[in-house]
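Student: For chain Z, the structure is supplied; the task is to place chain Y on it using the hints.
Number of protein chains: 2
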Amino acid sequence: MNAIAVDGKTIAEKLRGRIMNDVAHLQVEHNFTPGLAVVLVGKDPASSVYVRTKARQARAVGFKSQQFLLPSNVDEAELLKLIKTLNTDDSVDGILVQLPLPGHIDRWRVLEAIDPAKDVDGFHPYNIGRLAAGQPCLAPCTPLGVVHLIKSVARDLSGLDVVIIGRSNIVGKPLAVLLGDAGCTVTGAQLQTRNLPDICRKADIIVAAAGCAGLVRGDWIKLGAIVIDVGINRVFDSTGTEKLVGDVAFDEVRRRASYITPVPGGVGPMTVAYLLANTFKAAVSRRGLSSVTRHDVRHIESLSGASTDNVSVQFALDRAS
Amino acid sequence: MNAIAVDGKTIAEKLRGRIMNDVAHLQVEHNFTPGLAVVLVGKDPASSVYVRTKARQARAVGFKSQQFLLPSNVDEAELLKLIKTLNTDDSVDGILVQLPLPGHIDRWRVLEAIDPAKDVDGFHPYNIGRLAAGQPCLAPCTPLGVVHLIKSVARDLSGLDVVIIGRSNIVGKPLAVLLGDAGCTVTGAQLQTRNLPDICRKADIIVAAAGCAGLVRGDWIKLGAIVIDVGINRVFDSTGTEKLVGDVAFDEVRRRASYITPVPGGVGPMTVAYLLANTFKAAVSRRGLSSVTRHDVRHIESLSGASTDNVSVQFALDRAS
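Note that the protein sequences, when read in sequence, are chains Z and Y.
The first sequence finishes on residue 346 if you use the numbering used here, and the numbering steps up by one all the way, no holes.
The second sequence finishes on residue 346 if you use the numbering used here, and the numbering steps up by one all the way, no holes.
It cannot be assumed that every hint is accurate.
[Claimed, not checked] Straight-line distance between alpha carbons at most 35 angstroms, and here's what the computed DSBU-like set of lysine-lysine pairs gives:
#, chain 1, residue 1, chain 2, residue 2
1, Z, 247, Z, 176
2, Y, 39, Y, 68
3, Y, 106, Z, 176
4, Z, 247, Y, 247
5, Z, 68, Z, 247
6, Z, 106, Y, 106
7, Z, 106, Y, 109
8, Y, 227, Z, 247
Note that these hints are calculated values from the structure, not bench results.
This is chain Z alone, in the form it adopts within the complex (with noise of 0.2 angstroms):
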């Protein structure tokens, strides 16, 4: 079989044109636009490079999205200071902090110090419990993104067996919550666990966010599954060309699988979608809009489940049969 390559791109594009009416109408109805602030720590490329795409689309969909350039070697206590200010700000509905800080700050003390009502990455403590707790909050954008590509995908997820490969904050950990509360079955694998093939090859989807090119092979899927590459690795081709690719080697995968996402184009444009429904959420939820909360939220809740593209999981594995 060929897997079908899902278009994270288009899903994502999708999702921000809902994200783009509800703010259109917000500012109808109650005359106001949510606004994103992102702060950025030195010039570290790549965080430049998504700074300044989560900007640009944060502006696409209609927020007013304001960008605060520290020098790298800012002291923690400025920092916080502005964290403080953008707390305080009413017009400031959600505070990203681009990761990773330099080595002289408490990138912990930073994260705990953004207003968790704002905290649109969903990192802070606070977020991350409610979240274990099964309790309303701001998730993180990557665990959202990917739990939405799957159910694009497979509408029931109910009692499939997952396994996660690595076990970060940002991703392993709160997907493995995600999923859990979806009926999934997780296991939370990492690099270093026994039998990592042998493990794949029971799972009916599998998640690769352990930073490792190409970990994943063509031997270790079992057919049918569905495979999410969170991995974003830069490596270099035979001619010295720098690429990006996955964690999953896509073209031995996709020879099992029925569904793959490809690197890039595949979970990295849903990140960001979800930092901007998340700002959408954090400015109705923070506002107390609850007519507004209850039309909108609906509306987030269901970007969830996508609508066309849905297909069972049964019928994936049939089409793997």
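Tutor: Chain Y in isolation, oriented as in the chain Z frame:
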């Protein structure tokens, strides 16, 4: 084979002995006594027994122990006011609100009202989030007790396959974090999990925390596995007498496991002992007693790695073959 029963009662007693020594040390060197406040709403018989046990053991290790018994129809506002008072009372280091609460009270509003630094049950989202993120925190007592019991029979957990049955906020989910951090490959299963027996048959360690009497049967067990029974179920035997049983069919499972915890006398006593350990930890952390902290937190840490009873899992598995 016949499994060795892991004697939680004795292990908990040792732990309480160490805490008692540490409390005496605090009193001599720093002239203060940790204080634990336990709040009970209503007169549920099981909850009343738990609260009395906790208060008695707190006094036995030398803590100041206070009980607050509120009527079952108490206003949520009044309960929140009591918690506020306890938060600001410097003689109180740990606050525990016994669950379940009556239906008219919002459990999460109450749990979130407790100062995270005094949250000795580890149920505040801030502590849940810090635990998930691998940051210092107050972790829930039962999972800490389970890890202690496992470490009392298995020196190195790294690479072991663990199946946890049950995804509660109190046991299953935080335990998955702790065992994942210890290097285990953790599968989170539930009563509804497809092929639950098959999944269990691959596990080096099974933790049953589903609240279902006798769920785990003998033929679910890999020869030599370690079986931890967190279930506490009240059932009636053939003579109509009520008795406590776990989630594990003990007599069948002991014939295949290498180690097994009994009910009662396994995990239960460890939960209360770790409530005391958490209260001690909260007391020294809150007061910034860094020298004591260094001394005693190491103690507390080392409590998780029991000493004399240690054997390697390889040994446990060897016994099986």
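Student: If a hint holds in the structure, say so; if it doesn't, say that too.
Tutor: Now the hints, each set against the structure:
1. 247(Z) / 176(Z): Holds, at about 19 angstroms.
2. 39(Y) / 68(Y): At roughly 31 angstroms apart (the allowed maximum being 35 angstroms), residue 68(Y) and residue 39(Y) satisfy the hint.
3. 106(Y) / 176(Z): Between residue 106(Y) and residue 176(Z) the Cα gap is close to 44 angstroms, so the pair fails against 35 angstroms, i.e. violated.
4. 247(Z) / 247(Y): Given pair residue 247(Z), residue 247(Y) holds - Cα atoms ~24 angstroms apart, limit 35 angstroms.
5. 68(Z) / 247(Z): Cα-Cα ~43 angstroms, so violated.
6. 106(Z) / 106(Y): holds (32 angstroms)
7. 106(Z) / 109(Y): Holds, at about 28 angstroms.
8. 227(Y) / 247(Z): With Cα atoms ~18 angstroms apart, residue 227(Y) and residue 247(Z) stay inside 35 angstroms; holds.
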